[in-house]
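S.K.: Here are the chains, one letter per residue:
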Amino acid sequence: MGARAKRFGGILVLAACAVAVSAVAAEAQMGAKVNDAQIAHIAVTANAIDIDMAQLAKSRSSSEAVRQFAQTMITDHTAVNGQAAALAKKLGVTPEENEVSRSLEKGAAEAKSSLESAAGAAFDRAYMEREVGYHEAVLGALDDVLIPGATNAELKALLEKVRPAIAMHLERARAILGGLSGGR
Amino acid sequence: MKRAAVLGLILPAWVLSVPAGSRPHFGDTLAEGLRGEALPVRTKHVVARNFAFEPSELEVTPGDTVVFENLDFVPHTITEADRAWDSGSVAPDSVWVLVVRTGGVVRYECRFHPGMKGTLVIR
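Protein sequences, first through last, are from chains L and C.
In terms of my numbering, the first sequence opens at residue 532 and continues consecutively.
In terms of my numbering, the second sequence opens at residue 984 and continues consecutively.
Only chain L is shown next, with the shape it has when bound in the complex (with noise of 0.2 Å):
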């Protein structure tokens, strides 16, 4: 694959994530409120996602820094669903798919497709982009959309307990993405 068919892929991968997250913006812009039980959906679909790109980047990159990324996002990710999957046990409610999850789900899609086209530094870049990305849209889905629509304080809670890691993942991201060299 060629440079520019490469950066190319990176800016699919960039493309897709922000229309797939943004939808959760636009959703609220809308008028059309979520509730609890679909942002518990939408919260569990950003995660698996999330560990399904992780999964990938595990598998594909030669890089220590972002190999060790990708572990730590499988590893809170997974733990985040954990924490959601039994509240949602204790409240009882069933997680309900909604426009939202499934527009993140086609986005991921997109997003993975276009992932696994790259190799190499051109990898790593997309992949590293892509996660500064979609953590960025989600932290913006947990304060805009998320935490404030949240009318179960345990849900709201959890969110809110769930914001740090999300930060976190953030900030690693970029420090990974800026010690790239190359991958265009």
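Keep in mind the hints are simulated off the structure, nothing from the lab.
One or more hints might be untrue.
Claimed, not checked - In the SDA-like style, the derived pairs of lysine to any residue whose C-alpha atoms are separated by at most 20 Å in a straight line are: (1) L:K620 <-> L:T682; (2) L:K687 <-> C:F1056; (3) C:K1100 <-> C:F1056; (4) C:K1100 <-> L:A596; (5) C:K1100 <-> L:L701; (6) C:K1100 <-> L:R705; (7) L:K564 <-> L:P679; (8) L:K589 <-> C:R1094; (9) L:K692 <-> C:N1033; (10) L:K687 <-> L:G671; (11) L:K692 <-> C:D1076.
As the list claims (entries may be wrong) - Covered stretches of chain C, going by a simulated chain L footprint (3 or more residues, C-beta under 8 Å): (12) 1056-1066; (13) 1095-1103.
Yeah, the Cβ is synthetic: ideal placement off N, Cα and C, and Gly gets one too.
Once you've looked at the hints, dock chain C against the given chain L.
M.R.: Only chain C this time, still in chain L's reference frame:
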């Protein structure tokens, strides 16, 4: 310097990860058991909470035991900044115990979340 500041930390036997509920039972006896001799032990605590070490700076003296407790929902490590010693993965609601031996300033972080940083000032 940093490697010598907290003597013996790299010994595997000094790494202990147990459920937080059992914390009261090993404060004094741990140091005795590990060293095979009685120590004038004082126990101090650091917690990992909301992806930060609290307190971020702790003053200790040689002989003190520092109990690190992970109150977050994900694993953390307590790792010397230059990797001279490392707790390994400390699970949620578990603790890791460190016995301080000599003086100096020791900086540590979480290897999984390097934004989490802390300092031990040993006098």
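S.K.: If a hint holds in the structure, say so; if it does not, say that too.
M.R.: Comparing the hints with the structure gives:
{"no.": "1", "hint": "L:K620 <-> L:T682", "in the structure": "holds, 17 Å"}
{"no.": "2", "hint": "L:K687 <-> C:F1056", "in the structure": "holds, 16 Å"}
{"no.": "3", "hint": "C:K1100 <-> C:F1056", "in the structure": "holds, 18 Å"}
{"no.": "4", "hint": "C:K1100 <-> L:A596", "in the structure": "holds, 18 Å"}
{"no.": "5", "hint": "C:K1100 <-> L:L701", "in the structure": "holds, 16 Å"}
{"no.": "6", "hint": "C:K1100 <-> L:R705", "in the structure": "holds, 18 Å"}
{"no.": "7", "hint": "L:K564 <-> L:P679", "in the structure": "holds, 11 Å"}
{"no.": "8", "hint": "L:K589 <-> C:R1094", "in the structure": "holds, 17 Å"}
{"no.": "9", "hint": "L:K692 <-> C:N1033", "in the structure": "holds, 7 Å"}
{"no.": "10", "hint": "L:K687 <-> L:G671", "in the structure": "holds, 15 Å"}
{"no.": "11", "hint": "L:K692 <-> C:D1076", "in the structure": "holds, 15 Å"}
{"no.": "12", "hint": "1056-1066", "in the structure": "holds (count 3)"}
{"no.": "13", "hint": "1095-1103", "in the structure": "holds (count 5)"}
In terms of the numbered hints stated before, the structure departs from none.
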